[in-house]
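Chemist: Sequence:
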Amino acid sequence: MKPYQIIFLFFGAVTVAVSGAMFFWMPDSPTEAKFLSDEDKILAIERLRNNQMGVMSREWRYAHFFETLRDPKTWLWVIMIFCISVPSNGISTFGPLIIKSFVTDPYRTILFNVPVGLSHVLVVSLSAYASMKWKLKGPVIALLCIPPIIGFSVLLHYPHDIEHRGILLAGYFCLSTFTGITPLIYSWSAQNTAGDTKRKCTSALVFIGSSAGNIVGPLLFTPDEAPSYSRGLRANIMFFAMVALFVGITSVYLKFLNFDHSKRRVALGKSAVILDMSLETAEEVERMEALEQAMREGTQRLSAENGDTRLGGDEENGVQPDDVKGRKAFADITDLENEDFVFVF
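Take any residue in the sequence shown, note its place counting from 1, add 128, and you have its number in this note's numbering.
It cannot be assumed that every hint is accurate.
Said to hold, decoys possible - Cross-link-like lysine to any residue pairs, in silico, SDA-like; alpha carbons within 20 Å at most: (1) 263 x 251; (2) 328 x 195; (3) 130 x 225.
To be verified - Label pairs and their calculated CB-CB ranges: (4) 285 x 347: 19 to 29 Å; (5) 155 x 358: 44 to 54 Å; (6) 465 x 145: 39 to 49 Å.
Derived from the structure by calculation, the hints contain no laboratory data. Don't be surprised by glycine CBs; every beta carbon is placed ideally from N, CA and C.
Could you build all of it, start to finish, from the sequences and the hints given here?
Modeler: Take a look at the structure:
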């Protein structure tokens, strides 16, 4: 058995072992989490109410399936995950060959890949922290696309020889930020999708997009183009630029959906503004809930002074008091059906 085969067998065995642990110990929903107390389960479910994500129903709904196919968001996620999977797989597969083109010693090639692996862990952690800190995922993804574009441009511009080894290594290390993009796209798509069937279908399509990108990626690097691999490098620059472009398109579309949901809430006599608490800490949630309650009371007081009964709750018109926020939170309805759903940028 060759050394590289042992490496693949080791990581394959670890993957199988972890998947087994996930199957037996990771719950499908908060109510099935054995490691949570009854009180913690209630708190977790209330968190779901704030997120308007619904709960798992295990009931297949064809209406949700067809909505998934009609929803432009679905295909925006698929395009983005495909565009990032193409260069990410190419980097993972042919990265050592790129280094080998200007580092002759094979052992030094392995050594130069060590800091790249460490930077992957750091980038994923920092990108997750940044998305939580800024309460935004799209801008973080777009920012993470910039270093790889610079890195590929450097690798494309300079000859792959010993003389330019320093600048080439710097360009190669810039590529490492790509690892933070894929988990953010998965998280972004899941956070903006509601309805049990729709979530499952969206996740399946996004996974298919990722797999397709992983197939295409290595095909861009052919032996006859060694050591420059110019076609693959140009294609990867294009794909990272496309990721940033579709992040912008997706953000604009989500803003439009939030505006549409706001109009629907006003038409139903609800508050036009719902504060998104999906990325907040427990302390921030308490503060925002108090602020939201104050806003609701102010709206009801203003509507009473103006003689408008809808905003204060009008049962005859089909609107209940308290803005009926959260009433649909546990219903198995999609993000497009639930006017209380707030899309996250």
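Chemist: So, for every hint listed, does it hold in this structure?
Modeler: Right, here's what the structure says about each hint:
For the hint pairing residue 263 with residue 251, the CA-to-CA distance comes to about 17 Å; that is within 20 Å, so the pair holds. In summary, the hint linking residue 328 to residue 195 is supported, as the alpha carbons are separated by about 12 Å, within the 20 Å threshold. Of the pairs offered as hints, the one joining residue 130 and residue 225 holds, with about 18 Å between alpha carbons and a cut-off of 20 Å not exceeded. At roughly 23 Å, the beta carbons of residue 285 and residue 347 sit within the given window of 19 to 29 Å.
The given range of 44 to 54 Å is respected by residue 155 and residue 358, whose C-beta atoms sit roughly 49 Å from each other. Range check, residue 465 to residue 145: about 40 Å between beta-carbon atoms, so the 39 to 49 Å window is met.
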